[in-house]
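S.K.: The chain contents come next:
There are 4 protein chains.
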Amino acid sequence: MADNQWRTAVAGYIDGEPHVRGYNLLEMTKELTFAEAIFLVLKGELPDAKERKLFEAILVTGVDHGLGMPSVTAARNVISGGNPINAGIAAGILAIGDAHGGAIEQCAKLLYDFTKRYADDIATSAGLIALRARQERSRIPGYGHAVYTTDPRAKTLIDIAKTTGHNGGYIALALAIEAELEKLHGKKICLNVDGAIAALLCELRFDWRVGKGIFIISRTAGLTAHVVEEMAREAPFRRIPPEEITYDGLAKRKITSTKHQKSNNIQI
Amino acid sequence: MADNQWRTAVAGYIDGEPHVRGYNLLEMTKELTFAEAIFLVLKGELPDAKERKLFEAILVTGVDHGLGMPSVTAARNVISGGNPINAGIAAGILAIGDAHGGAIEQCAKLLYDFTKRYADDIATSAGLIALRARQERSRIPGYGHAVYTTDPRAKTLIDIAKTTGHNGGYIALALAIEAELEKLHGKKICLNVDGAIAALLCELRFDWRVGKGIFIISRTAGLTAHVVEEMAREAPFRRIPPEEITYDGLAKRKITSTKHQKSNNIQI
Amino acid sequence: MADNQWRTAVAGYIDGEPHVRGYNLLEMTKELTFAEAIFLVLKGELPDAKERKLFEAILVTGVDHGLGMPSVTAARNVISGGNPINAGIAAGILAIGDAHGGAIEQCAKLLYDFTKRYADDIATSAGLIALRARQERSRIPGYGHAVYTTDPRAKTLIDIAKTTGHNGGYIALALAIEAELEKLHGKKICLNVDGAIAALLCELRFDWRVGKGIFIISRTAGLTAHVVEEMAREAPFRRIPPEEITYDGLAKRKITSTKHQKSNNIQI
Amino acid sequence: MADNQWRTAVAGYIDGEPHVRGYNLLEMTKELTFAEAIFLVLKGELPDAKERKLFEAILVTGVDHGLGMPSVTAARNVISGGNPINAGIAAGILAIGDAHGGAIEQCAKLLYDFTKRYADDIATSAGLIALRARQERSRIPGYGHAVYTTDPRAKTLIDIAKTTGHNGGYIALALAIEAELEKLHGKKICLNVDGAIAALLCELRFDWRVGKGIFIISRTAGLTAHVVEEMAREAPFRRIPPEEITYDGLAKRKITSTKHQKSNNIQI
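The listed protein sequences correspond, in order, to chains A, B, C and D. All the letters of the first sequence, read from the start, carry residue numbers 1 to 268 under this note's numbering. All the letters of the second sequence, read from the start, carry residue numbers 269 to 536 under this note's numbering. All the letters of the third sequence, read from the start, carry residue numbers 537 to 804 under this note's numbering. All the letters of the fourth sequence, read from the start, carry residue numbers 805 to 1072 under this note's numbering.
Because the hints were derived from the structure by calculation, they are not lab data. Possibly wrong hints are sitting among the right ones.
One-sided and incomplete, this derived list gives chain D residues near chain A with beta-carbon spacing under 7 Å [as the list claims (entries may be wrong)]:
#1 Ala-813
#2 Gly-826
#3 Glu-831
#4 Lys-966
#5 Trp-1012
#6 Pro-1040
#7 Phe-1041
#8 Ile-1044
#9 Glu-1048
#10 Ile-1049
#11 Thr-1050
#12 Tyr-1051
#13 Asp-1052
#14 Leu-1054
#15 Lys-1056
In this text, a Cβ means the ideal position worked out from N, Cα and C, and glycines have one as well.
Working from the sequences, and respecting the hints, build out all of it.
M.R.: What follows is the structure in structure tokens.
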């Protein structure tokens, strides 16, 4: 490939018309739901009706659940500085990282790795995963919740996976880990919404590397609503009130210390 | 509202469960398509089946059409510097501005403004809009295309709008402007995909201010695919080849000019 | 210029070595302060010693003043989501907009415009500016402060401008507006730090369009320190405490309304 | 710390006036160069005159060297979409990642790690580092250049370090690695500008984690100039010319496959 060449298998022009993964964009516009188009663009193939139903559910569940998350706070603060809608959405997406939505891909990778290594021996995989986490005193990505002992969003997604016939080995492993954790710790450390999405994406055979991307696509909808609301309802320039701020740095001092030899005392 | 208070009508917890615009997120996950959830979060109400079909089409049409756009170039260059997926997507969204997707909201505003002023007198509105643009030698947002004399994506969207019963006054006005432009200029200056999306969003009674947001949600899918592909297929650090770069600035010169009095000649 | 050509007058290779605005980057590295290099890259020429002193002061004054601003909040929330340092800094810069640092370029434009129109007749300019703002009930960019009646940062900058011989017509106009505002309103509406920077940049003959850029360069230093501190000292995932959040949207309702005809009830 | 509390040691108000790391911002504005203020805000202490001279040089050397880098391409494409200056700068900074400026912190970490382990035994450290890289067939961060056999920017920085008395153990180690690489590979794999900056930052005892941050502060100056130039000189909407684009994805196909059961054939 020459230096100035660009290539892509995502989409391009065939016979002068735009095509995505080989399908004509005009035909897609007539025939597909948005979720089907997203499935196609990310995975290269169209979902069947059951895969589609499951994927719609994954996308809907991540749309929004209100204020509080770093992504919404970042997005609304950017708008509050007097900026256009795309800058606010971009800042929100910048906040979605390893500690915010990142458990999806880490959990999916874990499920793939252990399934590859121990095939159908779910008990062995679950036992090893739970034990290792306990020994390393680390959290398993996709498990645990600050409030819930059962995360209702995880339960809903798995219920839907059962109706679409996707309750295969990855979901079984995800639930076996939850059971193992309860045995080891004597209390429920629930499979949370991130973990359930991870298991479902494995059932749909998505590359674990797109886990965060799918969450971002989903959450962009909610971020857009927040950003538009911030513009419409709030005065510019959010300010953290002074009483919530503590300066705990160095005490007052003067520049005329011996160390700093007034290097800037330039002759003008 | 106290300084430290945050408020939102988008989503929040009711009786301990997440609700979006009053609907339980769990029920939404079971019942809705992703496009319905987006419609809800942005507009505050669920679409009926016909509105939903039209909105799915709008979202599908913007998903992607390959390389070439500033958004994809920006996104892939950010990944090329060795950065995570969300940074690449965010950079792509940052490129979506007044000259890239911005025609949607400008055109929707125009359609709303003139409809408000001249009610059903579409001929008057179309005539005034086309004439004013000619006098000001300005482009009407949503009209004209570098390649197409008829934009097939615009035609497809309007065809769908006819089947869902949304071919109302806004689409009529959009098409009347196209006809008027042809009369005035003696050649077709077609309603393009941005203009068609604008007319459809008006038919769906969306606030014109969310036009760019809807396009961003749609295109985030394609940007995600590009970013994942860049990571998987390309070596890091895209470099514009030197033969495509021209430095046309000041010629070589020395700092020891009389003007700059070597202010930095500090005594160390 | 061919489609694939890029051109720049900022910097490039001359005889195989990097040059900025005609100066060899190696010579610059030996001879210049960072502020001189910034002055050069933005303005195309090196400052003399007095200009340099004034420009250093402008850059130092914007470095940081702690927590509270939307830019710092956005930056730290992005890090809090588990993201790299550059993503945090970028989010902070995204928050610097019309309502956050934007007064610098708006005020500089105002000073240039009126000086062009009324030349040395500062009294007329100041009178018109203050009167128009009063009639339109609008704020003059660069004037007024929530806490200060005299902004000490503005005073310091203007004091330095006097020592470097830059107290020319633009500073005189900026101060005349302040005096005029006091006469009209019967109370001090002080020239603030943004307004003072604007006046100084006019004295240095900077294009008003780089006003925000200079502030961004300056503040990037503080944002970097905040982002590094957030990584080093804070646990991930900042969360707005629930008691500071109000959901004031629609009340609880069920999806099975007559309007939504369960379109997603797909046959799988 | 209560949930809603924010704390910082970077800057804050003491006796009603802004202070950075204990120094009054007004006094700083009068006394410091911009580089001194950056040194202070990042390191917590003021540099002495020699440290300041070296730090100015580090900052100047990263300002800009023209077109070609992913950061500039991303920044200019964002502007090209019709966006404000801060969005362009932010996109440029987003591109600065592990493969673009990231070698600075990786190299600084390496120099610190080996110095800690082998103290003054530079020969042992250099030998081990070069050997390990050869065995792992990996590049050592901060070494090698596509064009140069000696990177003149690295040489200039080290020359300045000698005049300021900073040619200590870290620079010795950095140069010993270069010599060791030449012995092992039979050709020069030069210490490049990233590696030289890393060694200098170690000599200045900066935390290696701020390496990328310092480069970002420096490069923000150049990005600002590029963004302003793009706005002033170029037409909107950069487009990669079609002849430079290859679509190498799936061939044309129709949606009416057996797999996709026209799930979207909704009854409207």
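S.K.: Would you list, in rising numerical order, the hints stated earlier that this structure does not obey?
M.R.: Hints 4, 5, 6, 7 contradicted; others consistent.
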